[in-house]
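S.K.: Listed below, chain by chain, are the residues.
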Amino acid sequence: MQYMILIYEPEDAYAGEAGEAALKDIVAKHMVLAAELRAKGAMKDGSGLQDSSTATTVVTRGGRQTLHDGPFAETREHLGGYYLIDVPDLDEALAIARRVPVVDGGKVEVRPLAVH
Amino acid sequence: MRRFGQDISTARPRVVAALAGRLRDLDLAEDAFADAAAAALVTWPNQAPRDPAAWLWRAALRRAIDARRRAAVRDRAILDAPEPLPTPEEALMAADEPIPDERLKLIFVCCHPALAPDIRAALTLKVVCGLSTARLARAFFTAEPAMLQRITRAKRKIAGAGVPFEVPSRPAWPERLEAVLATLEIAYAQAYEDAALADRDAAPFAAEILRLSGLLAELMPDEPEVLGLAALVRFAEARRPARLDDMGAMIPPSEQDVGLWRRDLIAGGADLLGRAAEIGRSGPRQILAAIHAAHCTRAEAGVTDWPTIAALYDVLAEVRPHAAVAVNRAVAIGEARGADAGLAELARIDGVEDWLPYQAALAALSAKGGCPDQARDAYTAALALQPPPAERLWLERRRRDLDVA
Chain A
1 MQYMILIYEP EDAYAGEAGE AALKDIVAKH MVLAAELRAK GAMKDGSGLQ
51 DSSTATTVVT RGGRQTLHDG PFAETREHLG GYYLIDVPDL DEALAIARRV
101 PVVDGGKVEV RPLAVH
Chain B
1 MRRFGQDIST ARPRVVAALA GRLRDLDLAE DAFADAAAAA LVTWPNQAPR
51 DPAAWLWRAA LRRAIDARRR AAVRDRAILD APEPLPTPEE ALMAADEPIP
101 DERLKLIFVC CHPALAPDIR AALTLKVVCG LSTARLARAF FTAEPAMLQR
151 ITRAKRKIAG AGVPFEVPSR PAWPERLEAV LATLEIAYAQ AYEDAALADR
201 DAAPFAAEIL RLSGLLAELM PDEPEVLGLA ALVRFAEARR PARLDDMGAM
251 IPPSEQDVGL WRRDLIAGGA DLLGRAAEIG RSGPRQILAA IHAAHCTRAE
301 AGVTDWPTIA ALYDVLAEVR PHAAVAVNRA VAIGEARGAD AGLAELARID
351 GVEDWLPYQA ALAALSAKGG CPDQARDAYT AALALQPPPA ERLWLERRRR
401 DLDVA
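Chains as they are written, first to last, in our numbering: chain A, 1 to 116; chain B, 1 to 405.
These aren't lab readings, by the way, just hints derived from the structure by calculation.
Quick reminder that beta carbons are idealized off the backbone N, C-alpha and C, glycines included.
Accuracy of the hints is not assured; some may be wrong.
[Said to hold, decoys possible] Calculated Cβ distances over 10 Å to all of chain B for the following chain A residues:
#1 Leu23
#2 Glu36
#3 Lys44
#4 Gly46
#5 Gly48
#6 Leu94
[What the hints assert, rightly or not] The calculated DSBU-like cross-link candidates involving lysine-lysine, where the alpha carbons are at most 35 Å apart (straight line), are:
#7 Lys29/A with Lys157/B
#8 Lys105/B with Lys107/A
#9 Lys40/A with Lys155/B
Work out the full structure, taking the sequences as your base and the hints as a guide.
M.R.: In structure tokens, the structure reads:
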């Protein structure tokens, strides 16, 4: 089954000097995890995302489309990256999700892909 | 007729689990079992089955396969799919195999930590024990449509998110077992609350928890906390006939008529707790069960062994630092070493002023310690916190007793 692993972290997690050090550490851990997932054939795709200030949202309402400067929802946590994995079941997906490196307060959501 | 109903509910966990394992579809497993059970009630009075579980397993599997075939035909009308091949189920049907024991897997699926704890409890009671949605709605104090929606959502998540139908691996075992134990504790807490409401069908609900905890003890005989929880449920249920007086007021364990206690359940609990102790890994459910066991010794000794109960609460407070444990510990200390010692312990618990068990304990210990004014205030505060009817009657009576004295 394919699962999307969505990584949410506080917007200011990597701000400042301490943030830069944290980012370095977390990116290194992502590299290790991604390499391991690739080696066992579980990794379909994955990437970090640029800051949510770079986001643009297309809103469709009443047959009209407008552009919104920013992410779809203004929350303290923002979507910072994702993995797309292919594993046998939810237990394995959750085991991988637990290993996704995040800063304190980070949240990792696991969503199965819709099968059609 | 009654015996057949009993046969069906006894067979249910094993047959539904085997169906779920084979079909990988909880809804289909439940529906097929319900159909087979309905057919059994028509057929069995004329021709009693040699093995009711095997009869139900075969009948339900046949119905499930028919339902799948009908669905396949329906889909073909739209999608023009090829003729469905005979399924592995059909091939195996012919072999007349024994029912595979998939009960543990089914319990682990229903108690998966990816589901919210109270939903796990409701789902387990629904799927494994066959409780109706209406009954569950009453037990969990919710409306029936809401309960149905929660159960439907949980089943959809199990199927959609790919929850595996497996016994968890060794590394995952402790967390998964904890989820099962917590689920059963929630279920039992509901059964217990139920009785406090003097709901007349609370006892059958609790009987299902007795059965479920016994089933878990049978399936996981090497897990001391599973045995401890099964023991705990037995000790607590043993006292059910003595918990309310004729007026419907609650009676605390130390004042109950021991003649009404069920000795068979006490003996069963003692046996389970003994087996747990032999394994030698203590835990909160075993300690709680030991506290219940200590209450039950009053049946022989004539007096409650408060020093032992207080000592057990000391241990429990270490592993379960919850306010409920702290309050009960203070009460036990008050009985064992005097009201002042209990009140001193109670004073050390923070942020519980608006909590019923705290005010009830404060009232009881104050009355015992010769402070009727403080006791009266605490009873009034407790009554303002909307206790369930049985407890309300008891608290009101205690407050009146103060005025008489």
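S.K.: Next step is simple, just say for each hint if it's right about the structure.
M.R.: To see whether the hints hold, each was checked on the structure:
For Leu23/A, the shortest C-beta to C-beta distance to chain B comes to about 30 Å, beyond the 10 Å cut-off, and the non-interface label holds. Under the 10 Å C-beta cut-off, the non-interface status given to Glu36/A relative to chain B holds; the minimum distance is some 16 Å. The Cβ of Lys44/A sits about 15 Å from the closest Cβ of chain B, beyond the 10 Å cut-off, so the non-interface label holds. Listed as outside the interface, Gly46/A is consistent with that label: its C-beta sits roughly 19 Å from the nearest C-beta of chain B, beyond the 10 Å cut-off.
Every C-beta of chain B lies more than 10 Å from that of Gly48/A, the closest at about 25 Å, which supports listing it as non-interface. Listed as outside the interface, Leu94/A is inconsistent with that label: its C-beta sits roughly 7 Å from the nearest C-beta of chain B, within the 10 Å cut-off. Among the hinted pairs, Lys29/A with Lys157/B is consistent with the structure: their alpha-carbon atoms are about 30 Å apart, no more than 35 Å. The suggested pairing of Lys105/B with Lys107/A holds, with an alpha-carbon distance near 29 Å, which does not exceed 35 Å.
Taking the CA atoms of Lys40/A and Lys155/B, the gap is about 30 Å. The hint holds against a cut of 35 Å.
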